[in-house]
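Fit chain to chain and form the complex, with the hints in mind.
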Amino acid sequence: MSERMTGAEALVRCLEAEGVDVLFGYPGGVALPIFDALYDSKQITTVLPRHEQGGVHAADGYARATGKCGVALVTSGPGAANTITGIANAYMDSIPLVVITAQVSTAVIGTDAFQEIDITGITVPITKHNYLLKDASELPEAFKEAFHIATTGRPGPVLIDVPVDVSKGELDFDYPASVNLTGYKPTYRGHSKQVKQAVSLISRARRPLLYVGGGIVSGGAYKELKDLAELMQIPVATTMMGKSAFPEDHHLWIGMPGMHGAKYTNYAMTETDLLVAVGVRFDDRVTGKLSSFASKAKIIHVDVDPAEIGKNKPADVPIVGDAKNVLGGIVAELRKGADEPKTESWIKLIDEWRAQFPLHYGPHLGAGEEGALFPQYVVQRVNELTKDRETVICTEVGQNQMWACQYYTLRSPRSWVSSGGLGTMGFGLPAAIGAQAGRPDALVIDIAGDGSIQMNIQELATAKLNGYPVKVVILNNGYLGMVRQWQELFYGRRYSASVLPQECPDFVKLAEAYGCFGTRVEVPEELDAALTAAFDHDGPAVVDCRVVGEECVYPMVAPGASIDEMLGGVPGCPVSEMLDDEVLEEVWE
Amino acid sequence: MTHTLSVVVENKPGVLTRVTSLFARRGFNIDSLAVGTTEDPTLSRITIVCSAADTPIEQITKQVYKLINVIKVHDLDPSESVERELVLFKINAAPEKRHEIIEIANVFRAKIVDVGKNSVTIEATGATDKIDAMEDLFRAYGIKEMARTGKIALTRGRES
Chain L
383 MSERMTGAEA LVRCLEAEGV DVLFGYPGGV ALPIFDALYD SKQITTVLPR HEQGGVHAAD
443 GYARATGKCG VALVTSGPGA ANTITGIANA YMDSIPLVVI TAQVSTAVIG TDAFQEIDIT
503 GITVPITKHN YLLKDASELP EAFKEAFHIA TTGRPGPVLI DVPVDVSKGE LDFDYPASVN
563 LTGYKPTYRG HSKQVKQAVS LISRARRPLL YVGGGIVSGG AYKELKDLAE LMQIPVATTM
623 MGKSAFPEDH HLWIGMPGMH GAKYTNYAMT ETDLLVAVGV RFDDRVTGKL SSFASKAKII
683 HVDVDPAEIG KNKPADVPIV GDAKNVLGGI VAELRKGADE PKTESWIKLI DEWRAQFPLH
743 YGPHLGAGEE GALFPQYVVQ RVNELTKDRE TVICTEVGQN QMWACQYYTL RSPRSWVSSG
803 GLGTMGFGLP AAIGAQAGRP DALVIDIAGD GSIQMNIQEL ATAKLNGYPV KVVILNNGYL
863 GMVRQWQELF YGRRYSASVL PQECPDFVKL AEAYGCFGTR VEVPEELDAA LTAAFDHDGP
923 AVVDCRVVGE ECVYPMVAPG ASIDEMLGGV PGCPVSEMLD DEVLEEVWE
Chain C
9 MTHTLSVVVE NKPGVLTRVT SLFARRGFNI DSLAVGTTED PTLSRITIVC SAADTPIEQI
69 TKQVYKLINV IKVHDLDPSE SVERELVLFK INAAPEKRHE IIEIANVFRA KIVDVGKNSV
129 TIEATGATDK IDAMEDLFRA YGIKEMARTG KIALTRGRES
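In order, the protein sequence lines correspond to chains L and C.
Remember, the working numbering sits 382 above the position in the first sequence when you count from 1.
Remember, the working numbering sits 8 above the position in the second sequence when you count from 1.
Worth flagging that the hints you see were computed from the coordinates, not collected in a lab.
A virtual CB, placed ideally from N, CA and C, is assigned to each residue, including glycine.
Just to be clear, a hint being listed does not mean it is correct.
[What the hints assert, rightly or not] A few chain L residues that face chain C, going by a derived Cβ cut-off under 7 Å, partial list only: (1) V506; (2) G565; (3) A689; (4) C955; (5) P956.
[Unchecked claim] Now the stretches of chain C that chain L is said to cover, found in silico as 3 or more residues with beta-carbon under 8 Å: (6) 22 to 29; (7) 63 to 76.
Extracted from the complex, chain C is given alone in its bound form (with noise of 0.2 Å):
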């Protein structure tokens, strides 16, 4: 089963060593890793999404909590929060091809940032699924190179 887990750390050299080093030791695997600053410039905040296979969540979200720059750790649910992530597709385009591979990004709200003489740079941001599914239609013209941050995410404002 797959978690997005949210981790608030000091922001402090060696500290994304220190969680990354033990997921692996702790038999963990990191799906995807984003890292950033938040409102507080002494927090970043780890993004981290992560298969558990026969261990319980809890258990690595209890290890990650005793580390001492540590400060907090969520284990998301995907209902009571806004995931997103962002990508860069550079996707082969004749000057032929080029209309279609453009209203395949309007429909996905997702923006042409370049366009080269073979190629077509489109920047998109959106949850898991949109981007896999983009990705998906895009194969079918060629993608040339891809690069895929990966997830953030924040809990909704349950307040408002």
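So here's chain L without its partners, still in its complex pose (with noise of 0.2 Å):
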């Protein structure tokens, strides 16, 4: 049966039909009748953010940290131009998102009227799907598709444009029960095929190396992944959007791959025979130079999205699917017969490099840096405090990001959040507010760095207010660090624009003005206690950690070379001997 109701009141209707139960949402003009229906909702709690980027970055963090689809709603114009970046974000990862946008009335649409936008012509190449609804009535079909296309397939933003007369408007209310989209028909089990053809490359293979990414995590193939490497005893190396799809306490993990990954990841993702990539794109942070990476290999290539496969380097067993069914029939096939794993004196070779190429640091700049807080140990303190609880790490942008990924052990899905493809700076805090929404009993963690973290440090105040007790340690080293390292390494030391005093602002006095907890560390004894202190404060925290200024993420590849060839990562060794005229001539070409 149908019921006679205005359009914001179906909206309303048809997130909660969706299972929504927390929206990121700004009001402004246009959206009043939207903000007022939700007023009345039981189900759907309304969270202000305090800027519209930061509303659309919560809901990613939500949707990271729970696997359901996280929504967020603005206003028109500026509003809207707002989640842009937010979008974006979520687009490059993705991430399933359903973002409403409050649009001027249609009879003024194309007048340039106050505050209009055309938001679905501007995110035309940064949504999977946008609507730009024309009358009331279109509205519960368009939600039923919107959430559908976010979340299946290839998981990806939607935007929905709800002019005001839409929703002061009135329809006979249904909400659909399946979709009719024949444009729109993902390919979940992989071609028979093709599987057994992985299957007979994967049993003969004697250098065989899984590489995994954000496929795993959003198609929950965690199982799978795990038989399938502990079956054949392939090593596994998670890319940045895989982290937390494998345990990185588990004896065949073998760190994240790229740019900024350890020298045993890359030497092994060089010297295997048979790469098995599995939801991941080949993205130039982890491939370096494309015609040098696992050129020894074979390459298998899983992917829901028939897009990715070939995209960078051509694949010799493509699969299209997703990686839960495919992995699974792969597993499957092997159990029925498999051969034993002849992979032992690969793992050997691996454990060698690894011991013989540790990630490491330590003083190395010159006198009175002994007894210095270096960042990497700031990680791997919150790294060993919170090893017994629930915990979800969210990070933002740069040099704290990648500290992050390489001293913290994930131990369970879904407890990364980290803006990936875009790398947008000021993710980390908002995000970790809507991870925190997602999963109130969590321990909430952003590793932050003082220059992201200003990006959207305005969303403390959505975090007390919210009741959302995250903590944010600040790695403070008074630069924009990853800016600073380039400039080090590849521009003669000339720190254009990259220098933040580490006292402006005073975080623990800004942490304070927002009623949050607020605490300094400068030596590496005061450490422990500051960061008990916040995580055991009940309310939102920030430790403000001084750490060493000049500290460079190592091993590095340069941009353009390959990855095997890395600048540190050698004990002993300083980079400056590795910094010859050949890699920067590799930089600048």
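And the structure:
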């Protein structure tokens, strides 16, 4: 039985039908009918961020930490425009979002009306799909489709633009039970012939390597991945987006490949004879110089998005399908009559590299650094102190993010929330708030830099006032660290526009101004107590760690170089000796 | 290499923009474009002639196919399909030259659609090379204006 109601009421009913429990919404003129309807919803908590970008990042963090679709709602014009970075960020990382933008009335669309912006036009390249509603009656079907498109196949953000006369107009509401999209039918099952071919290659390989990414997380293929790795004793390298897909304390986990991968990880990627690539897109930050990437290997490429296969690197065995189905199918085939794994000497070789070239850091710049607080040490202590707690690690972007990748050991799925493809500074804090909204019992930590955190620091108010006790650990080195690192290595130490004095702002006072707990750490001895105090505090907390200023993330693959040619990463060998003219020439090419 | 893509899409506002902007941002050049309805009023056919330099054409066909409103994408094989363009030429034609021009038009089975004091307007359809050949010949007389549609194409009926 359909029911007569306004578009705004129907919109809320659609969200309720989709199981939405929290929505990040910033109101404004033409969005008011929708916010008014939300006021009566018992199911949906509306959280007011302090900036629309923060709202979309929060919805994104919620989606990453829970696997559910995140929802953000904003007004037209500037409200819609402020969502762009958040939407692009979710698009690059294939995160399911439904972003609702209010729009001026259909009668004045196209007249440059107050707070009018063509948001569907603007977001075509950064959404999986978008809608501009013209009549209230279109609303239920559009919402049903939007949630379906956002969460299925390769997930991604979908935007719905709702003119004010649509939300005020009336319709007979009936929520469709299913969608009918002729042009959208994702392929989930891998072609059985291709799967058999993969099985045959895997069972014969001497130096196989699983190179896995965000597709394992979005496909929920943790068990299938672990089964395959353990059954055939295949080492696993997880990309930054794939982090948390495989337990990092497992002996088969060999780290994150690419620009800041460990030497042993990149050596393994280079020497493998069979690269089993699942839910990855051969991103330039992983592959380095494409021609020499995994050049000794046959490549099996599994992805739910056919357009990813062969995009950057041709695959010997392309398999279109989702990670869970395809890996599950491969494991089932292998179990029927699997050969014994032949990888013992391969694993031993990787372990030797691991022993010879471990991730490491330490005083090396000169006098006065003994006893200094190193950013890597801060991450290691966060790791130690959260070992026994359900923890979600969020990061900002830059050195803080790479150190979190290198020195935090993730143990469970969806415990990692970090901006991958777009590399969005200012993502971490709002994303942490979203993650906390979805996982109220988890300890949610944002590992931040002093640069990134200032891009959305206003969200401390959102955390405080909505009772999200997120913890921000700032690796405060007084620089835009990654920019400074590139300037140090490739631009003759000319620190153009990358210096941020450590003491400005005073992050402790700033935290307190927002009603949060704030504390400062200047020497390693103070660190554990400060972190513990922050983690045990019942509200949001900020730990300002004044770390060594000119520390670099190593190893590092110079842009354009092969990934087995790394700067740093060799204990006792200073980077300055590795940075010869040849490396610099490649960077400038 | 030049390809002719036949893209069947839902007949909805904004779909053409989605398709063409995808070509632009993925670095493919559109040489010609024709859009029209199909036998099914809910569907439109977009025929795109595009050249792909280094990137394989599959990259763009797969990306286009990912668009929600796109139903089918065909990379047409010229030997397996019928391709046509429509062209209008307005040619300088003093009365004494008119006859020659009309003769050329007849050879190409083109139609005279307008005659002015000093010009003749000719309509022709055909494959791209035929149109190109006519254009070459008419240039000698001076083409005042020319309008060409994008190419439209269908696969040949295999069963018949």
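Tested hints:
no. : hint     : result
1   : V506     : holds, 6 Å
2   : G565     : holds, 5 Å
3   : A689     : holds, 4 Å
4   : C955     : violated, 39 Å
5   : P956     : violated, 40 Å
6   : 22 to 29 : holds (count 4)
7   : 63 to 76 : holds (count 9)
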